[in-house]
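Enquirer: Sequence:
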Amino acid sequence: MLKEKQRISDDKNYFTGINDWLINRQRISISEKIFFVQHLAVMAKAGISLAKALEMLAKQTTNKRFAAIISNLHGKVNKGCSLADALKPYQGVFDELFINMIAAGEASGTLEQVLKSLHLQLKRSHQLAGKIRGALAYPAIILLAMGGIGAGVMIFVVPKFISIFAEAKIELPLMTKILIAVSAAITNHGLSVAIGALITLIVVIKFFSVDLGKKWLHFIFLKSPIIGPIAKKINLARFARTMSALLKTDIKIVESFKITATTVNNVYYRQSLLEAAEKIKKGVLINKVLADYPLLYNHVILQMITVGEETGELDAILEEIAGFYEEEVEEIMNTLPTIIEPIIILLLAAVIGSMAVAIIMPMYSLTSAI
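With numbering that gives the first Met the number 0, the residue at position 213 of the sequence shown is 212, and numbering never jumps.
No wet-lab data here; the hints were simulated from the structure.
There could be a bad hint or two in this list.
[What the hints assert, rightly or not] Pairs of lysine to aspartate or glutamate, DMTMM-like flavour, derived with a Cα cap of 25 Å:
(1) Lys232 with Glu274
(2) Lys231 with Glu111
(3) Lys44 with Asp249
(4) Lys232 with Glu340
(5) Lys232 with Glu327
(6) Lys122 with Glu326
(7) Lys251 with Glu274
(8) Lys251 with Glu312
Values in this document were obtained by computation on a predicted structure and should not be read as measured data.
My request is simple: use the sequences and hints to build the entire structure.
Expert: So this is what it looks like as structure tokens:
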């Protein structure tokens with residue numbers, strides 16, 4: 000009986016361990032963070048204490064991992080810890096911008112306003128990311144379909160013609176020879192080709208994840224006539240939105256630049272902001288500092304920042320800049336599929352047409368010989 004109870008207890012511990020592991024691996028989405036910040040702001044406006052608000056949110060959150068984190072936040076805040084300090088152990092969930100803005104809001108007594116600002120920041124970032132993903136989804140699906148069709152032709156169609164051409168003993172055009180060689184490689188050495196392609200993909204991804212690879216790729220993005228303007232608008236929108244939110248708090252301008260640098264994706268924008276922070280610390284005006292990076296910050300932005308510095312309304316000016324670029328990016332993303340569609344169709348036609356020509360040319364020679 001004791002052994003049976005021990006076995007049941009061990010089984011429970013085993014499954015509890017698996018459950019805990021799965022909970023800890025559960026992803027916390029931006030939508031859930033937006034829900035958290037929005038409802039925390041509403042409760043703060045309603046006069047509900049921070050500890051009580053966190054307790055209520057922990058019960059409302061369906062994501063078990065996020066609920067556990069909020070519950071821990073509640074426990075710490077209930078014992079007198081500030082929310083910013085309670086958030087620090089969870090920097091994988093809440094970034095530096097989030098924690099610093101909460102700290103500034105608590106220090107200045109403007110936590111409700113900061114929460115509203117964070118809600119807007121997260122919401123706009125989420126909407127922009129959604130637009131970009133949506134615009135790129137269609138081309139990605141078409142390219143995958145093209146790859147599938149091409150592989151199908153190489154594996155099932157081309158081999159049937161290889162035997163015909165071999166029996167006819169005719170001189171094959173270069174295009175046909177290339178097609179046959181590729182087909183033979185895929186058909187006879189499919190596993191090796193797949194492993195080679197996978198290794199190549201991993202090496203490329205690894206290369207672009209290190210500093211040298213990122214700099215190389217991001218420089219190409221910035222200089223590209225098609226991708227460049229979009230990449231600049233996305234980074235400028237994020238820079239302006241983040242700086243505007245930080246300047247509305249008591250966070251110093253130098254620290255604001257350093258925090259903003261962690262939120263932009265492009266390494267050159269990140270580097271420019273970190274270098275700008277050091278120059279601003281020495282008393283150089285923002286517009287003068289950013290003017291040293293003409294590839295990144297255009298004349299219009301510099302003029303608007305100059306006006307903002309002179310009038311003391313820099314946060315409002317930056318918010319206007321953010322809104323302008325966010326709208327531009329959304330418009331581009333809305334029209335991008337209609338621009339890319341004919342290009343993809345032409346590319347698809349060229350690939351299929353080349354395959355067809357490579358097969359038809361020897362057939363024509365064979366017919367002429369007969």
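Enquirer: Run through the hints listed earlier and report the numbers of any the structure violates, in increasing order.
Expert: 2
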